[in-house]
Amino acid sequence: MSLPENKILELKEIARQLRVEVLKMLTLAGSGHTGGSLSIIEILVTLYFFKLRYDPKNPTWPDRDRFVLSKGHGAPALYAILARLGYFNEAELKKLRKINEMLQGHPYNISTPGIEISTGSLGQGLSAANGMALAAKLDKAKWRVYVLMGDGETQEGQIWEAAMTAAHYHLDNLCGIIDANKLQIDGSVCEIMNVEPMKEKWEAFGWQVLEADGHNLHSLSTAFDQCEKIKGKPCMIIAHTVKGKGVSFMEGKVGYHGVAPTEEELEKALLELR
Amino acid sequence: MVKKLGTRDVYGEVLVRLGQQNPNIVVLDADLSCSTRTCKFAEAFPERFFNMGIAEQDMISTAAGLAAAGKIAFVSTFAVFATGRAWDQIRQSLCYSQQNVKIVASHSGITVGEDSATHQANEDISLMRNLPNMSIIVPADGIETEKALEYLVKYDNRPVYLRLSRYKFPVIFDSQYVFRKGKAIVLEEGTEATVIAIGLMVSRALEAQQMLKEQGISVRVINMSTIKPIDREAIISAAQETGAVVTAEEHSIIGGLGSAVAEVLSEQCPVPLKRIGIKDCFGISGDADELLNYYGLNAQSIVQSVKEIIDKKKKV
Ligand SMILES: Cc1ncc(C[n+]2csc(CCOP(=O)(O)OP(=O)(O)O)c2C)c(N)n1
Ligand SMILES: [Mg+2]
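Residue numbers (this note's numbering), protein chains in the order written: chain A, 1 to 274; chain B, 1 to 316.
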């Protein structure tokens, strides 16, 4: 039951609007992570508009699926989608990173509905997701856990501790996603500290590995469907993406990792996203 | 003969009982379950016990995830690894995220003994004390360990660090003892100085109090088992009423009980203070009792410090 064509068109439009929202938020905030927010839009759209079961009116509904943004710096994209779904007022987006407001620079579960656990220090989200998946198994519950990591993030040793844990405990209710945008802060992942061959590494750690075009809703939804059918082991989706996706002068540019667009850049970007 | 109990032994047994009473309790360990005594829980409730292998960072964040999904997670390993290896995970996944995870660490302090400095945690309290939302409890004996564990399951749903030992402690309390987080206990009343102690050093402080009493010197003895949040009132009234304070801990004098007491005194009621503890150095191998004497963690050095501090008080 992957995505029908008319639904794909609708979701593409939502993705476009979310990119606009993210760029506006970041420009208003004057700081934040642009590239890594734009690369995860389709992943989040597929999850929140196709795969996850949740209730924005009841964010702690016990049977909800859990989503953990392990690469916490992608927060603007997550905030935009949560606001759109009604977890909180869309007006909050304009106050991102401002003093005494809800939306912190990185996801904070205590202040923000829809955030399962605080992230920002990289490498911890997969372990936390494993813990949630273990709890679901103990409770014989049906809900599933999704966790999104950066490709650079997988350089953290804890990721590989958690990789072993998920396989060891047969966490087939867990789906990992790697935003394989090929970049980190100081340069390209392969130059800074090569994580390839990723597929073989995760397979060697006992995972089923799927690859997807991380900007193609059909490819992503098919992968998520496939992932759900895997039994006895965790599944990792390597989603091939472009950092800064959607804005030509940001795409594949290391320089847009941790800087917000200026007013002029925003104007230029919005023209492209019409 | 004084009765002695290992705080970790008590933990192992109480955990099984708590596990029977509360099906929500889960336990994680990092390949030290025999030493930390969580093996007893593992035996009783294999499906609720997770051995995480030698991976402390993963263990802490996994516990956070279990807690986020409604479980009460106990996490155990040696104190040095629990606090040092996984500090950032404790900070973000537990404290900032406010998860119901109870870190119960064994093998704290110099009494780890022969295993040497790599395994002797003299800095763990310091590492935990600077974390918002973290509570720190150091039981003075097996009974207090039991009561604290029961209290924490019943009344507390924030991160906590419970510091246990390999070394067996003399039993101080009886089974009627009531533990309350954040409440210091005055074990002996006295007028000329106060000894504030934690853990093993509480029994040593009581010994010292007897020795001093025989010499005609009256000291108050306080068990400050909750280091955070610390009982400020107990410290201030001790300072006001006895005019001098000695702290005693099996931990570095930097960042632990001595520092916590110094912070309260210097801001609210400055009086002469002396801190007994490990003096900013790494430990060495040796028999636990010999090491305690070597580092001055005994009744004699408390007696001497009390005399010094009373002299100092008189000169001020
Ligand atoms: C433990 C930790 N170390 C360093 C950082 C700083 N940091 C933030 S983002 C980032 C690069 C992340 O690269 P990647 O995971 O590939 O993310 P993306 O490309 O999707 O932005 C770094 C080093 C951090 N947040 N956490
Ligand atoms: Mg990247």
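Source of the hints: derived by calculation from the structure; they are not laboratory data.
Check each hint, because a few of them may be wrong.
Computed from the model, here is a short list of chain B residues facing chain A with C-beta under 10 Å [as the list claims (entries may be wrong)]:
no.	residue
1	S61
2	L66
3	R91
4	Q99
5	G182
6	A184
7	E188
No farther apart than 27 Å at their CA atoms in a straight line, the calculated lysine-lysine pairs in the BS3-like style are these [stated by the list, open to error]:
no.	chain 1	residue 1	chain 2	residue 2
8	A	K140	B	K168
9	B	K154	A	K137
10	A	K229	A	K268
11	A	K7	A	K24
12	A	K57	A	K24
13	A	K57	A	K140
Computed list of chain B residues with no C-beta within reach of chain A, every gap over 12 Å [claimed, not checked]:
no.	residue
14	D9
15	L18
16	D58
17	I60
18	A64
19	A67
20	E114
21	S175
22	K181
23	L273
24	Q300
25	E308
26	K313
Glycine included, C-beta positions come from ideal geometry on N, C-alpha and C.
Looking back at the numbered hints, which does the structure fail to meet, lowest number first? Result: hints 5, 6, 7, 8, 10, 16, 17, 18 and 19 break, sorted rising.
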